[in-house]
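The whole structure should be built from the sequences, with the hints applied where relevant.
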Amino acid sequence: ITYDYLIVAAGIEINFNRIKGAIDALDNDPQHVVSIYTRKYAANVYNALNNFRSGQAIFTFPATPIKCPGAPQKIMYLAEDLFRKNNVRDKTTVTYNTSLPVIFGVKKYAAALMEIVKER
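Start counting the sequence shown at 0; every next residue gets the next number (my numbering).
Just so you know, the hints here were simulated from the structure itself, not pulled from any lab data.
Any given hint might turn out to be false.
[Claimed, not checked] Label-pair distances were calculated between CB atoms; the ranges are: (1) ASP3 / ALA62: 21 to 31 Å; (2) ASP28 / VAL101: 25 to 35 Å; (3) TYR108 / ASN27: 31 to 41 Å; (4) ASP89 / GLU12: 34 to 44 Å; (5) ASP28 / TYR108: 29 to 39 Å; (6) ARG119 / LEU99: 31 to 41 Å; (7) MET113 / LEU81: 19 to 29 Å.
A virtual CB, placed ideally from N, CA and C, is assigned to each residue, including glycine.
In structure tokens, the structure reads:
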């Protein structure tokens with residue numbers, strides 16, 4: 000697997016060692032690979048997103064339990080807004096990959112979130 004940018008949304012037990020190459024990428028390529036789930040790596044997120052100019056921005060919801068089910072989407076929506084403010088949204092493909100059969104577990108919110116996704 001190759002990628003230009005990877006944003007990792009890890010599970011409840013933060014163990015980046017279980018993702019091949021994650022520690023190396025997080026430590027050595029903080030402009031392309033970031034995570035919101037630890038203080039050490041979260042500090043790099045804003046700079047990476049603010050300096051993003053074009054390409055793929057991929058956000059994930061893992062198949063494992065996570066502390067806040069909305070967090071992967073929250074950072075995606077914040078990033079998408081920043082891409083618009085920086086005039087790079089038209090050069091950016093935003094992808095949200097989820098292990099769930101729906102975008103969000105609560106039906107009422109899932110419907111509203113799908114409308115936002117369709118708009119953007």
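**Prompt:** Which earlier hints can't be squared with this structure?
**Reply:** 6
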